[in-house]
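Given next are the chains, with one letter for each unit.
Protein chains: 2
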Amino acid sequence: MGLSIGQVAERTGLSVHALRFYEREGLLADQVRRESNGRRVYSEDDVGWLAMCIKFRSSGMPLDTIRQYTELVRKGAGNEADRLALLRSHQEHIAAQIEELQEAMRVITHKVTIYEEHVAAGTASCLWTTPNEEPGKELSA
Amino acid sequence: MGLSIGQVAERTGLSVHALRFYEREGLLADQVRRESNGRRVYSEDDVGWLAMCIKFRSSGMPLDTIRQYTELVRKGAGNEADRLALLRSHQEHIAAQIEELQEAMRVITHKVTIYEEHVAAGTASCLWTTPNEEPGKELSA
DNA sequence: ACTTGACCTAGACAACGCTCTAGCTTTTAC
DNA sequence: GTAAAAGCTAGAGCGTTGTCTAGGTCAAGT
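The listed protein sequences correspond, in order, to chains A and B.
Its first residue numbered 1, the first sequence is counted upward by one per residue in this note's numbering.
Its first residue numbered 1001, the second sequence is counted upward by one per residue in this note's numbering.
Calculated directly from the structure, the hints in this document are not laboratory data.
Think of the CB as a built atom: it goes at the ideal place given N, C-alpha and C, for glycine as much as any other residue.
The hints are all genuine.
Ranges between beta-carbon positions, derived for each pair:
#1 A:Arg-74 - B:Pro-1062: 32 to 42 Å
#2 A:Asp-30 - B:Gln-1102: 26 to 36 Å
#3 A:Asn-37 - B:Glu-1100: 32 to 42 Å
Footprint (simulated), chain A over chain B, 3 or more residues, beta carbon under 8 Å:
#4 1052 to 1058
#5 1099 to 1108
Could you build all of it, start to finish, from the sequences and the hints given here?
Now the structure itself:
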């Protein structure tokens, strides 16, 4: 039931350093328990919370915002609307990122296509002799 | 036809600082021309190239990788296969990012839904009195 | 003449998110 | 009993990606 920092590191993928760092930064919803000797004992809840933090991070939420969210939760019931606002705003942020990535993907896929043609056409025989021409100018158009 | 650094900043959205920084970092395909007084003069091609760099950056390509790509292009024809490999690898990277974001989006949308219910149900009357309970435990399941 | 504003270089500084070190204690395995 | 492994704190260090400052040049407007 109680996990050591090493075990938590293993199953979250975070380093033990990062785990201590997150704790210092106030990202953990509730105080991590300690053994008599001072070692941290993580509960399953702690691990669950960390998993959520990792999802937040992996979608580009800054530690600072995670801390804000954590603080809301720590304050307990009554600020659900605030939490919701924060979550929604992050949702929008994710959506924007996805769009941006998709747009970049389109552009790059286009470039890839062009290069594929070039490479297929000229593998052994280098036909087009425009050294500094880059199939990327279509971007400016 | 020739643009000042300020004009380029305006139309790329990069700061003049960033433009000089990018140049120092070797991200520009061809040497930026200078006026007799030493001021930079950007061509439309330069701006096009910068637009591409921005797309790369916005999809998470590190400056270092952009520099590698730039170097390939600078070397001229003959390494198209290398450029293609780099682009493809970035394509995969983008795809992975999109998936990660979509996964995070699912999780967060789920949380949002739960909060919406809670907020709708208990706006004025705080019904559920479990202060430290966070609708996020479902993550660990 | 003089001020304003855009530009130049070189280099310091900064935010973010960890990561690592030093120096020490405790636990575990042999 | 002893050595290796794991933990602790406090704080330094670092890679990335810019941003900002200092100190100076240059051109244009008033």
